[in-house]
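Enquirer: The primary structure of each chain is shown beneath.
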Amino acid sequence: MAKKRTNPMAYQPGMEMIASDIRDKVLKTVDNFDHFKVSSQDVEAALKKDHLSAEDYGALLSPAATPYLEEMAKKAIIETRKHFGNSIALFTPLYIANYCENNCVYCGFNCQNKIRRGKLTMTEMAEELQTIAKTGLKEILILTGESRFHSGVEYIGAAIKLATRYFSTIGIEIYPLNTDEYAYLKKCGADFVSVYQETYNLSKYEQVHLSGSKRVFPYRFDAQERALIGGMRGVSFGALLGLDDFRKDAFATGLHAAFILQKYPHAEIGFSTPRLRPFINNVDNNPNDVHEKQLLQVMLAYRLLMPFAGITISTRERAGFRDHVIGMVATKISAGVSVGVGGHEEEEKGDQQFEISDPRSVSEVHQMILKRGLQPVYSDYIRV
Amino acid sequence: MADQLIIGGHRFTSRFILGSGKFSLEIVKAVVENGGAEMVTLALRRANLGGEENILDYIPKQITLLPNTSGARTAEEAVKIARLAREINCGNFIKVEVIRDSKYLFPDNYETIKATEILAGEGFIVMPYMYPDLNVARDLVSAGAAAVMPLASPIGSNKGLSTRDFIEILVNEITVPIIVDAGIGRPSQACEAMEMGVDAIMCNTAVATAKNVPLMARAFGQAIESGRNAYLAGLGRVLTEAGEASSPLTGFLED
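Protein chains in written order, with my numbering: chain A, 1 to 384; chain B, 1 to 255.
Since the hints were made in silico from the structure, they are not lab data.
One or more of the hints may lead you astray.
Under the rule of at most 25 Å between Cα atoms (straight-line distance), these lysine-lysine pairs were calculated in the DSS-like manner [stated by the list, open to error]:
1) B/29 x A/82
2) B/211 x A/187
3) B/211 x A/371
4) A/82 x A/4
5) B/103 x A/186
6) B/103 x A/49
7) B/103 x A/82
8) A/371 x B/29
9) A/161 x A/187
10) A/186 x B/80
11) A/161 x B/80
12) B/80 x B/114
13) A/25 x B/103
14) A/37 x A/48
15) B/80 x A/74
16) A/28 x A/49
17) A/82 x B/159
18) B/211 x A/48
19) A/74 x B/103
20) A/263 x B/103
21) A/74 x B/61
22) B/80 x B/29
23) B/211 x A/82
24) B/159 x A/49
25) A/204 x A/28
26) B/159 x A/48
27) B/61 x A/48
Derived CB-CB ranges, DEER-like [unchecked claim]:
28) A/293 x B/121: 54 to 60 Å
29) A/51 x B/133: 20 to 26 Å
30) B/121 x A/21: 41 to 47 Å
Keep in mind that this is a model prediction, so the values were computed, not measured.
Note that the Cβ used here is the ideal one computed from N, Cα and C, for glycine as well.
Turn these sequences into a full structure, and let the hints guide you.
Expert: Right under this line is the structure:
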């Protein structure tokens with residue numbers, strides 16, 4: 001018999017509720033837009049504009065825009081170069097723990113999945129950070145699974161403090177926090193927060209997030225806003241493409257970012273475009289109808305909606321794809337990646353979240369960037 | 001006497017200031033040589049001291065460094081970044097940039113005045129990036145700015161002199177050098193600003209993203225010099241808006 005699930009709109013104890021109308025605005029705009037009603041004329045009109053309306057942006061994500069990918073790319077490369085010049089930022093993720101209390105059916109870390117779990121001690125963390133720092137990187141993204149029990153805010157704060165000894169830019173990709181917790185991690189030295197809504201379709205969200213704090217849709221949705229209120233400089237957005245209707249999810253992701261920026265004009269905005277990947281005990285997990293062509297369409301639409309936003313290209317994608325999108329649409333690339341717990345200095349202490357497609361080292365990615373006539377940028381932020 | 005640009009007591013022959021933030025580093029030297037720039041900006045946040053791809057390793061030694069406070073969102077942050085620049089021996093010049101608008105990257109004039117006052121008091125040669133507003137420019141001069149750097153149009157937009165009329169007012173009213181910064185997309189726009197009497201041009205994206213970067217640097221260098229010469233020569237009667245007769249139009253009048 002099916003287990004009774006909790007209401008995904010009901011906050012759990014301890015979760016902060018903030019006053020915000022952004023969720024309503026995003027979901028309403030998504031509901032009122034039909035990608036299948038877009039004509040080629042709508043796409044052409046959108047391509048002529050410097051500033052896109054929600055409808056223009058939706059048009060560029062529609063099936064009608066598929067034949068215009070080349071035109072979109074030509075426009076995107078101009079915008080990317082205008083705002084970022086030749087610069088391509090380099091960073092690497094460090095998973096410090098993979099314990100998770102959520103049951104998300106698409107994720108290798110889900111609490112029902114039988115994998116090796118682990119978390120780094122402070123000594124192990126220091127070794128990992130030193131090893132990564134030796135590659136020349138100055139930006140690091142600290143990740144955990146979603147477990148307040150095993151990887152609490154204090155533990156993450158200690159990791160950030162340690163990382164400030166070696167890195168000028170520290171981002172976090174962890175479970176959503178309350179405003180005061182974000183303020184604490186900001187004080188520890190983190191400045192950028194990534195939270196991915198995965199899907200903006202509530203009924204799908206409910207189906208794939210079976211239990212745990214991640215099941216609470218609105219608490220996750222408001223995470224970027226709480227991070228900014230807590231003093232973080234920048235926030236990243238992303239939908240897990242392939243989980244639901246990717247056009248709708250990408251549409252919602254862009255609108256989410258746009259409404260946040262309208263309310264917090266100082267915020268630095270970033271996008272990631274993860275697609276579903278196989279993971280341990282689920283080798284068939286795949287991005288369904290989101291092939292490279294569709295993935296690129298989403299990236300280009302993000303760029304044309306927000307010419308100034310950072311766009312990261314993940315190691316989930318193959319080298320041949322990553323190498324071609326940098327400079328055209330992506331502005332940030334990961335290198336020397338391990339998605340297990342640790343794994344830079346010693347053997348991984350816990351299993352990985354998903355399979356990566358591009359195992360190249362920092363120096364290999366550096367050389368590739370130079371070969372493409374672009375400039376690898378290690379440091380683009382000063383903590384004062 | 002040679003026509004020189006004087007900022008904070010320092011003399012420059014070239015009126016081309018190169019922004020470096022969007023460059024591939026190995027071509028910075030070629031750009032300086034071809035464009036004749038004597039001053040190059042340096043974003044402290046990009047200065048990866050002792051690390052990979054440190055821009056300081058690519059800037060020729062005879063060039064005057066103009067460190068900037070990019071990334072600062074408040075006067076306080078700008079001041080801290082400026083002090084760091086001094087600590088790493090980047091000299092006394094500082095371009096103050098205070099921006100809390102991620103979309104257009106417009107400067108916050110109010111915080112910029114505050115930072116300028118503090119830094120000028122600490123002996124920096126302060127060159128603030130500003131939105132062209134006469135009252136603000138006056139306040140910046142009172143606060144100790146050695147030059148003011150009004151934007152022509154949003155950074156990276158290549159839209160040229162969108163704020164032309166307001167910059168012209170600054171040229172007429174402000175006593176320190178006026179350096180047009182941001183938005184200059186082509187040499188002809190740089191030339192136009194110089195003809196108008198602006199003292200120097202700062203340019204980054206338009207050169208950095210050209211197909212042939214050194215050649216575009218030379219084009220900018222020439223355009224800036226040409227515009228300056230036109231300004232010094234005095235535009236002829238058919239070129240100026242009001243016109244100026246070669247002989248008096250009212251000379252026939254009897255007392």
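Enquirer: Take the hints in turn and mark each one as holding or not.
Expert: Results of checking the hints against the structure:
Taking the CA atoms of residue 29 of chain B and residue 82 of chain A, the gap is about 21 Å. The hint holds against a cut of 25 Å. Note on residue 211 of chain B and residue 187 of chain A: the hinted pairing is violated, with a Cα-Cα distance of about 44 Å set against a maximum of 25 Å. Our distance criterion of 25 Å between C-alpha atoms is met by residue 211 of chain B and residue 371 of chain A, whose separation comes to about 16 Å. The straight-line distance between the Cα atoms of residue 82 of chain A and residue 4 of chain A is roughly 52 Å, outside the 25 Å bound, and the hint therefore fails.
As the CA atoms of residue 103 of chain B and residue 186 of chain A are separated by approximately 23 Å, the hinted pair is consistent with the 25 Å bound. For the hint pairing residue 103 of chain B with residue 49 of chain A, the CA-to-CA distance comes to about 16 Å; that is within 25 Å, so the pair holds. Using a Cα cut-off of 25 Å, the hinted pair residue 103 of chain B and residue 82 of chain A holds, with the two alpha carbons roughly 13 Å apart. Among the hinted pairs, residue 371 of chain A with residue 29 of chain B is consistent with the structure: their alpha-carbon atoms are about 19 Å apart, no more than 25 Å.
For the hint pairing residue 161 of chain A with residue 187 of chain A, the CA-to-CA distance comes to about 9 Å; that is within 25 Å, so the pair holds. Of the supplied pair hints, the one linking residue 186 of chain A and residue 80 of chain B holds, its CA atoms being roughly 18 Å apart against a limit of 25 Å. Restraint check for residue 161 of chain A and residue 80 of chain B: the C-alpha separation of about 20 Å stays at or below 25 Å, so the hint holds. For the hint linking residue 80 of chain B to residue 114 of chain B, the alpha-carbon distance of about 13 Å falls within 25 Å, and the restraint holds.
Restraint check: the Cα-Cα separation between residue 25 of chain A and residue 103 of chain B comes to about 20 Å, which is no more than 25 Å; the hinted pair holds. Between residue 37 of chain A and residue 48 of chain A the alpha-carbon distance is near 19 Å, which keeps this suggested pair within the 25 Å criterion. For the hint linking residue 80 of chain B to residue 74 of chain A, the alpha-carbon distance of about 40 Å lies beyond 25 Å, and the restraint is violated. At most 25 Å may separate the alpha-carbon atoms for a hinted pair to count; residue 28 of chain A and residue 49 of chain A meet this at roughly 24 Å.
As the CA atoms of residue 82 of chain A and residue 159 of chain B are separated by approximately 11 Å, the hinted pair is consistent with the 25 Å bound. The hinted pair formed by residue 211 of chain B and residue 48 of chain A meets the criterion: a straight-line CA distance of about 24 Å does not exceed 25 Å. At roughly 21 Å between alpha-carbon atoms, residue 74 of chain A and residue 103 of chain B fall within 25 Å of each other, so this suggested pair holds. Using a Cα cut-off of 25 Å, the hinted pair residue 263 of chain A and residue 103 of chain B holds, with the two alpha carbons roughly 12 Å apart.
In summary, the hint linking residue 74 of chain A to residue 61 of chain B is not supported, as the alpha carbons are separated by about 38 Å, beyond the 25 Å threshold. For the given pair, residue 80 of chain B sits about 29 Å from residue 29 of chain B by alpha-carbon distance, which is inconsistent with the 25 Å threshold. Under the criterion of a C-alpha separation no larger than 25 Å, the hint pairing residue 211 of chain B with residue 82 of chain A is consistent with the structure, at around 13 Å. Distance restraint check for residue 159 of chain B and residue 49 of chain A: the Cα-Cα separation of roughly 15 Å lies within the 25 Å cut-off, and the hinted pair is therefore satisfied.
Pair hint residue 204 of chain A plus residue 28 of chain A holds up; C-alpha atoms about 17 Å apart against a cutoff of 25 Å. At most 25 Å may separate the alpha-carbon atoms for a hinted pair to count; residue 159 of chain B and residue 48 of chain A meet this at roughly 16 Å. Taking the CA atoms of residue 61 of chain B and residue 48 of chain A, the gap is near 45 Å; set against the 25 Å cutoff, the hint is violated. The given range of 54 to 60 Å is respected by residue 293 of chain A and residue 121 of chain B, whose C-beta atoms sit roughly 58 Å from each other.
Roughly 24 Å separates the CB atoms of residue 51 of chain A and residue 133 of chain B, a value that falls within the hinted 20 to 26 Å. Evaluation of the 41 to 47 Å hint for residue 121 of chain B and residue 21 of chain A yields a pass: the beta carbon distance comes to about 44 Å.
Of the numbered hints given earlier, the model fails hints 2, 4, 15, 21, 22 and 27; all others are met.
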